[in-house]
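Trainee: Those protein sequences? They're chains X and Z, same order as listed.
Going by the working numbering, the first sequence opens with residue 1, and the numbers climb by one from there.
Going by the working numbering, the second sequence opens with residue 1, and the numbers climb by one from there.
These are computed hints drawn from the structure, not numbers from a lab.
Be careful, since some hints might not be right.
Pairs count within a copy or across copies, as identical chains cannot be separated in the list.
[Said to hold, decoys possible] Computed cross-link-like contacts, DSSO-like style, restricted to lysine-lysine with a CA-CA straight-line distance of at most 27 Å:
| no. | residue 1 | residue 2 |
| --- | --- | --- |
| 1 | LYS16 | LYS162 |
| 2 | LYS234 | LYS271 |
| 3 | LYS234 | LYS209 |
| 4 | LYS25 | LYS234 |
| 5 | LYS284 | LYS199 |
| 6 | LYS174 | LYS162 |
| 7 | LYS162 | LYS175 |
| 8 | LYS142 | LYS162 |
| 9 | LYS46 | LYS16 |
2 protein chains.
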Amino acid sequence: MKAIFLEKPGGPLIIKEVEIPVPSKGEVLVKIAAAPVNPSDIARIKNAHSEYDLDTFIPGIEGSGTVIKAGRGILPGLWLGKRVACSSGHGSGGTWAEYMVTPAANCFPLSQNVSDEQGSMSLVNPLTAIAFFDIAKREGHKAVINNAAASALGRMVELLGKRKNIPVINIVRKKEQADTLRSLGSRYILISSDPLFTKQLESLSAELKATILFDSVCGRQFSDLISVLPYGSKVVVYGNLSGEEHPVFDPRVLLGKNITIEGFYLANQAKENGMIRNIMNLRKVSKLMQTGMTIKINRTFPLSEGQQAVDTYLENMSAGKVLLVP
Amino acid sequence: MKAIFLEKPGGPLIIKEVEIPVPSKGEVLVKIAAAPVNPSDIARIKNAHSEYDLDTFIPGIEGSGTVIKAGRGILPGLWLGKRVACSSGHGSGGTWAEYMVTPAANCFPLSQNVSDEQGSMSLVNPLTAIAFFDIAKREGHKAVINNAAASALGRMVELLGKRKNIPVINIVRKKEQADTLRSLGSRYILISSDPLFTKQLESLSAELKATILFDSVCGRQFSDLISVLPYGSKVVVYGNLSGEEHPVFDPRVLLGKNITIEGFYLANQAKENGMIRNIMNLRKVSKLMQTGMTIKINRTFPLSEGQQAVDTYLENMSAGKVLLVP
Numbered sequence: 001m002k003a004i005f006l007e008k009p010g011g012p013l014i015i016k017e018v019e020i021p022v023p024s025k026g027e028v029l030v031k032i033a034a035a036p037v038n039p040s041d042i043a044r045i046k047n048a049h050s051e052y053d054l055d056t057f058i059p060g061i062e063g064s065g066t067v068i069k070a071g072r073g074i075l076p077g078l079w080l081g082k083r084v085a086c087s088s089g090h091g092s093g094g095t096w097a098e099y100m101v102t103p104a105a106n107c108f109p110l111s112q113n114v115s116d117e118q119g120s121m122s123l124v125n126p127l128t129a130i131a132f133f134d135i136a137k138r139e140g141h142k143a144v145i146n147n148a149a150a151s152a153l154g155r156m157v158e159l160l161g162k163r164k165n166i167p168v169i170n171i172v173r174k175k176e177q178a179d180t181l182r183s184l185g186s187r188y189i190l191i192s193s194d195p196l197f198t199k200q201l202e203s204l205s206a207e208l209k210a211t212i213l214f215d216s217v218c219g220r221q222f223s224d225l226i227s228v229l230p231y232g233s234k235v236v237v238y239g240n241l242s243g244e245e246h247p248v249f250d251p252r253v254l255l256g257k258n259i260t261i262e263g264f265y266l267a268n269q270a271k272e273n274g275m276i277r278n279i280m281n282l283r284k285v286s287k288l289m290q291t292g293m294t295i296k297i298n299r300t301f302p303l304s305e306g307q308q309a310v311d312t313y314l315e316n317m318s319a320g321k322v323l324l325v326p
Numbered sequence: 001m002k003a004i005f006l007e008k009p010g011g012p013l014i015i016k017e018v019e020i021p022v023p024s025k026g027e028v029l030v031k032i033a034a035a036p037v038n039p040s041d042i043a044r045i046k047n048a049h050s051e052y053d054l055d056t057f058i059p060g061i062e063g064s065g066t067v068i069k070a071g072r073g074i075l076p077g078l079w080l081g082k083r084v085a086c087s088s089g090h091g092s093g094g095t096w097a098e099y100m101v102t103p104a105a106n107c108f109p110l111s112q113n114v115s116d117e118q119g120s121m122s123l124v125n126p127l128t129a130i131a132f133f134d135i136a137k138r139e140g141h142k143a144v145i146n147n148a149a150a151s152a153l154g155r156m157v158e159l160l161g162k163r164k165n166i167p168v169i170n171i172v173r174k175k176e177q178a179d180t181l182r183s184l185g186s187r188y189i190l191i192s193s194d195p196l197f198t199k200q201l202e203s204l205s206a207e208l209k210a211t212i213l214f215d216s217v218c219g220r221q222f223s224d225l226i227s228v229l230p231y232g233s234k235v236v237v238y239g240n241l242s243g244e245e246h247p248v249f250d251p252r253v254l255l256g257k258n259i260t261i262e263g264f265y266l267a268n269q270a271k272e273n274g275m276i277r278n279i280m281n282l283r284k285v286s287k288l289m290q291t292g293m294t295i296k297i298n299r300t301f302p303l304s305e306g307q308q309a310v311d312t313y314l315e316n317m318s319a320g321k322v323l324l325v326p
């Protein structure tokens, strides 16, 4: 089969011909239909060499496809022949390939009204948004702050907030992004380039008791952001869209306002949850997908243009998702 | 009475003559015998103007003295005439004065074998160290990492760890500090200027399962420190000895290793605890003091030399504590 590999640590991506893998007990073989480029894929590509052997590492955290072979066990048998959304296992084989072996517990069947393209993006973002509201509920936050709200995940957070009746303060960089969100029905939108932004965030978060910030930017504004949060707030850091810039914080703010900063990474979360919790969450996602949520797609690429796909995505993340289609 | 005030936001400290305050219900009037300069006093002086009216703000978080007047209530009456350790209330009047009014619940009696000087330092550091081990126990950390271990508080953490049979990894800056700690019986000591320091911390924290770091430095090494902690570690930030430098972190480390960074400030903690929990903690401190723990004193100053006292303390914090003696 054709699959994407890393030529060297960090890239570039190249295509190679390898054996089709064989599913063991509890696993299935999926013929991949589509697979998105996620920010977490990019982070994983950067660090793959420290965790995996580059000779066997295939990127791609999630995708969609058809189960064409089942290992022993009940669940693999159930999925055989079904069209599924799937995520890669903890091994090195990902979705950026013609075929992937993964635990059957990492798949769920797609209903007819969900396309291969939309279905391929139905795990990482929805599971992350669900996990965010689990944290918010468990810790009693009354409202949430959603940085990079124009991203696919940001929109999912807004949507889930609406369904759960939890106010979401959406932060975007540009006025056009604010206009888009407003036209989609968002109520609270702040533009981070506005000179009054931190003042606005301070008063709105105080008013709504928004004591949890989900931040995938981690940029130059980080220190300012946390300095205006209400007392006792939590910051959940789940990405680093700003790239190599490293966020700074003022220890006196952390002390004086009793702020907590916490890392969130879906794959770690999944390991900690255990299988039952993960399957329950997949059911929630499956329900969410059936309500016709769609994510904007910018372009699709064949596997042979993996590097171009990543470059296109990095050039303009808010233009929509980039998909690999074997 | 004579008391120390701030001439302008941030200082300098000046002495003024004001009325002796009168205790209300639940409060006592303490004739101050001695009061230390703590790092938290310095932070409070820097930020006092945003929280207090500088015309009435007197610095000084803790001290010792004799209760010479009691407001209504059972506890004030109990303390009348007793020599006590005391902390300032949430109002603006502190211990850097000849007299202070404070809630009786902020005092506990000193036994005869504890001097005024040692007694004056018996609240902030012991209560902080007790709170640290409460956090460690509640969250199941098997061992702790103690940055700035040569400070008065750092030594208290080491001591309490020994009593509670919880291994403490002590981090100091200089070899001489390591020698001192070793001579006092510390087992695990790392020197942060050693080129192998981060490697040593990585392997020792993994071996001992030291998954909580107490950091009052927040300096240039912050990012390196957290990058070598075990998966799932917590960093409790309780000071900023490195001064104006702001710590930086790598979001990918926070995500990948599921790290949490949390601010700790004793005064906030005390408010959250409520009175009963605070009184229980004061009892623990009182027991701790009776076992003959002593803290090194560098110099004492009269109230009229408040600014010199602070300057002397800032010049060399590990030389020992600086006390104000009215």
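Trainee: A separate judgement is required for each hint: does it hold in the structure or not?
Mentor: Comparing the hints with the structure gives:
{"no.": "1", "hint": "LYS16 to LYS162", "in the structure": "neither (44 Å within a copy, 58 Å between copies)"}
{"no.": "2", "hint": "LYS234 to LYS271", "in the structure": "both (22 Å within a copy, 19 Å between copies)"}
{"no.": "3", "hint": "LYS234 to LYS209", "in the structure": "both (12 Å within a copy, 25 Å between copies)"}
{"no.": "4", "hint": "LYS25 to LYS234", "in the structure": "neither (41 Å within a copy, 37 Å between copies)"}
{"no.": "5", "hint": "LYS284 to LYS199", "in the structure": "neither (37 Å within a copy, 43 Å between copies)"}
{"no.": "6", "hint": "LYS174 to LYS162", "in the structure": "within (22 Å within a copy, 55 Å between copies)"}
{"no.": "7", "hint": "LYS162 to LYS175", "in the structure": "within (22 Å within a copy, 58 Å between copies)"}
{"no.": "8", "hint": "LYS142 to LYS162", "in the structure": "within (13 Å within a copy, 41 Å between copies)"}
{"no.": "9", "hint": "LYS46 to LYS16", "in the structure": "within (19 Å within a copy, 61 Å between copies)"}
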